[in-house]
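As given, the protein sequences belong to chains A and B, one line each in that order.
To convert, note that position 35 of the first sequence is 35 in the working numbering; the numbers rise steadily by one, no gaps.
To convert, note that position 612 of the second sequence is 612 in the working numbering; the numbers rise steadily by one, no gaps.
Check each hint, because a few of them may be wrong.
[Said to hold, decoys possible] Keeping only pairs whose Cα atoms sit at most 30 Å apart, straight-line, the calculated DSS-like set for lysine-lysine is: (1) B/34 / B/349; (2) B/34 / B/189; (3) B/372 / B/118; (4) B/372 / B/511; (5) B/372 / A/43; (6) B/85 / A/43.
Simulated from the structure, these hints should not be mistaken for laboratory data.
Treat the numbers as computed from the prediction; the structure is a model and nothing was measured.
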Amino acid sequence: MQTPAPCEYSRATSVDDAIAQLQALGGNARILAGGYSLIPMMKLRLANPGHVIDINPLESELNYIRQEGNEIRIGALTRHVNMLESDLLSQVFPHIFREAEAVLADPVVRNRGTMGGSLCQSDPAEDLSGVVVALKGEAVLRGPGGAERVVGMEEFHLGPYMTSVQPTEMLIEVRIPTHSGFGGAHEKVERRAGDFAIVAASAALAIEGGRITFAGVACSAVGPTTLHIERAEKALVGQAPSEDLFAQCGQMAAADCSPNSDGRGPADYKRHVAGVLTTRALSRAAATAVS
Amino acid sequence: MATIETTPGRNPGWAGGGTWGEVTDAPIGFGHMKRKEDARFIRGLGDYMDDVRLPGMLHSAILRSPYAHATINSIDTSAALAHPKVAAVVIAKDLETLGLAWMPTISYDTQAVLAGDKVRFHLQEVAFVIATDAYAAQDALQLIEVDYDVLPAVVNCRKALDPDAPLIRDDKVGQVDNLASPLWEAGDKATCDRVFAEADVVAIRTVLDPRSHPCPMETCGMVADMNPATGQLNIYNGNQAPHAHRTVYAQVAGLPEQNIRILCNDIGGGFGNKVPVYPGYVCAIAGSIVAGAPVKWIEDRSENLASTGFARDYLMYSEMCSKGGKITGLRVDAIADHGAFDSTAQATKFPAGFFHIVTGSYDLQGAHCQVKAVYTNKAPGGVAYRCSFRITEAVYLVERMVDALAMEMRTDPVDLRMRSFIRSDQFPYESATGWVYDSGDYHKAMKLALEMADYDGLRREQQEKLAKGELMGIGISFFTEGVGAGPRRHMDILGLAMNDGAELRVHPSGKAVVSISAQTQGQGHETTFAQIVAEELGISPNHIMVRHGDTDKTPYGLGTYGSRSTPVSGGAVAVVSRKVRDKARQFAALMLESRAEDLAWEKGRWFVRGDPERGATIERIAEYAYSATNLPEGLEGGLDANAVYDPPNLTYPFGAYIAVVDVDPGTGKVHMRRFIAVDDCGVRINPLVVEGQIHGGLVEGIGQALMEIISFDESGNCMNASFMDYLLPTALECPEHGFELGETVTPCPHHPIGAKGVGESPCVGSPPCIANAVVDALYHAKGIKYMDIPCFPARVWAAMNGNAQPPQ
Ligand SMILES: Cc1cc2nc3c(=O)[nH]c(=O)nc-3n(C[C@H](O)[C@H](O)[C@H](O)COP(=O)(O)OP(=O)(O)OC[C@H]3O[C@@H](n4cnc5c(N)ncnc54)[C@H](O)[C@@H]3O)c2cc1C
């Protein structure tokens, strides 16, 4: 049996209560959401927080997916399964959420794992982070006294397992701008179903009047964070969609990513696959864009 | 007194209605029926190692080495001992005083129980902490200070015998290099050389069957309970050979054998991993002696993967040749990587197990194989993971080589096999390595598989796909195994003949208990063995209890591994049932006032020959056996018997497998589209159980071929010590439309019921089949002729680009 080191446990009664607890415990505490990343790390004693604050009692406050104006808002405690099954998400962002969530871990993990946990874990191989990066979502962070700040993904993910969330802050919501003519796709290669990606690519396009008006491309597991492939996005916007263009974007992704060699494969392979998957994701996103 | 605490909510009654534990579709004898044991398993009511909770029981944890090779200068346990919940900390020095610092392995080597002088593999056992709860034991590990001097590690078996390789086993007097055992050979070298000299075509490959792990869902563990008042040692331990383990503990710990009782409850999988005795077991026993209380040791997943019983790790330089379109010869020069201690599992006189079977299903004119075993700084093991002692390695090799040869000959791999098979009229057939195959009809099994697969259609489809740039592969393997070890004149483990016992008692009500020495780990013994008795005596399997796993209540025997349960234990059960039937005949003669010779048997009943109305059922005979008052001299009351079965030969199951895969040309990802498996395991006792075994084994084959490997970095760190890195296949890696199973039945001529054993066949036959399918895809598209397993995407992509490499 793997056992975590001794630690204290408390339940939060509200977001502000959780933040107050974080503040009182001065950096020695961790938020516990689905627990699918935190608990295994604690059992392997890679993480040894002195205290965990369980936010699962905050379902009613933090589990939601709703549209407000030109934004979709997803609460931090929204479970993977909720995103997988959400009609609203698949209507506003067809394919991309569903495809990513369908290949993310397994049903057991998806039943409890959360949006907040996925982003805050800042694992560069996360599928959902890739989707949020491609969609250019923003994270809403709340700190002591109800102070809120909104940060983009570039600023949010600082590196592997590092975010800009301060010890006394909590991620409460993710906001994602909507687009008309949207098409999206998520492509992943893994060693086995339910495994983290060897490489994954998320593509989001808006196509209006035969031109690409919005482009988001992200790759997972090929850099210190889920990577935003900026060069490809710039190359896409304003152009007419074409296989040639998508192949070029794939080459950019392959060139611009920075994978490491590990048990999932050598760097040259991952670079190649980043290109292949980016191209495939873009062409499927374009094919499914609702005009 | 030790009592097993009952988990609340157990025994909720039989939800299916009827009598507890009864299966509604049970035939009286052989045939399809649901498994009797599943009633408790599917309700989550199995009783496993970790469910054992004894009053006053202490818990434990093992401190493990962070290095693959290092001298130990000192171990400071004072801070751990000061932990308020710690009862004891045991290190090698303490074990020395009990004579337990080293233990013998199954292969006549020695293994450190706790490392004293130096550590020899990453995560080797260094200290054993006993505490009042499992959390505290784990906490205390971090308080132990060990001072190491790191030494260079030997991680590549090819380099283990280099003159400048560091000496791993400096503990062994006279050991000057890393050779683990003398060179082993089989076959006639001169004949083999002649066959090669006359050959038309020769294929040469270096084939690696990489290190994998049996990975049972339940890890290894033990509760040792030494009663200081009585000297009785109760051992709760899920293992595959309880009787042999008891003898080993008696020898190792010098305890009286009659005072040791091993109790195996339900076992969550064995697959060879639960054959050996592990350091954790010896520590738990020593711990219970030292602490005077029961001690529980349960390893976690990482410990299981990194330290207990790995499998395979055979590097095989091989040549196969043909003449006149037929396979004629095979030459193999293998290195077996045993890790730091030779604890490979095989019969004593077989240091390379049954590698002799490497000639496969083919009528070869010459074969020679040799195996050199080396020590490396890796975990010990070399267990027979769903494998009858190195047969998996041998079959993997020969089936990869047949495909290699077919490529060199530019011929179809099926045609080459068909031309080279041993013919059905050649059985019993003596192979080029001297083994006598009992029976078979290989052509028939292969033809059935081809029909089921529509082989010609598949080849056409492959060509059409190729034209569109799509990669599709068709893989073949045809395996022959030798299972059911074994005849006592040839086979023993640590001097114990590889036989099994059975005791059968039919009670006055006509209900029976059969006690066996085999130990189920999921194979369905409670059903299958009841069906053997049912077939022989005509009692419903529902009325036959199969007892196993308690050394005080079962006859002696060597246990369950190597597909030997049905071939050996099943033989014992058939024989003991026939003894009971013969005894029943004596009673029936009295009851029917007839002579025993005049009675005839039909299932469940003796009757007077020529007068079928006059008969007695087994139930009535049983009642009579316990109640009759006028028994003649020489006939004892009661209806029971004992048997020990000594198999005259191994049994030789075989099968024809075909795999169809699609390979993503962009990513190298392999998709298992179809799998056709025709198995011939002789007579099938319960087709459902047989199919279950085949399903499970095929899934394990997919795992080995596509994703499983235990690998090491240059410093000897184990890279796959968790399920994040050691990938087990799931339903999603299996063909969407299920496995396509077929059967032929060639009974075993020397087995009492003609059965051959099937547990390992699918796990033996499928890895080369899938590997051959992947290579077939690459060969037809790009002329690539070989790659090693596991075929995970990055490796397939490299192979596709002409850079196939053996795995690290
Ligand atoms: C077997 C397995 C397979 C997996 N496979 C995949 C996969 O294929 N693809 C993939 O993308 N992911 C995969 N995952 C990861 C999975 O997505 C994450 O474990 C999970 O979604 C993280 O969410 P959680 O709610 O469980 O986080 P937790 O474990 O509860 O928390 C993770 C971290 O985030 C912090 N945190 C959580 N919520 C907040 C918040 N609101 N504010 C501030 N900090 C917070 C915690 O303190 C902790 O540090 C897998 C996990 C497992 C166990």
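Evaluated hints:
no. : hint          : result
1   : B/34 / B/349  : 39 Å, violated
2   : B/34 / B/189  : 50 Å, violated
3   : B/372 / B/118 : 25 Å, holds
4   : B/372 / B/511 : 53 Å, violated
5   : B/372 / A/43  : 41 Å, violated
6   : B/85 / A/43   : 20 Å, holds
When held up to the earlier numbered hints, the structure conflicts with 1, 2, 4, 5 and fits the remainder.
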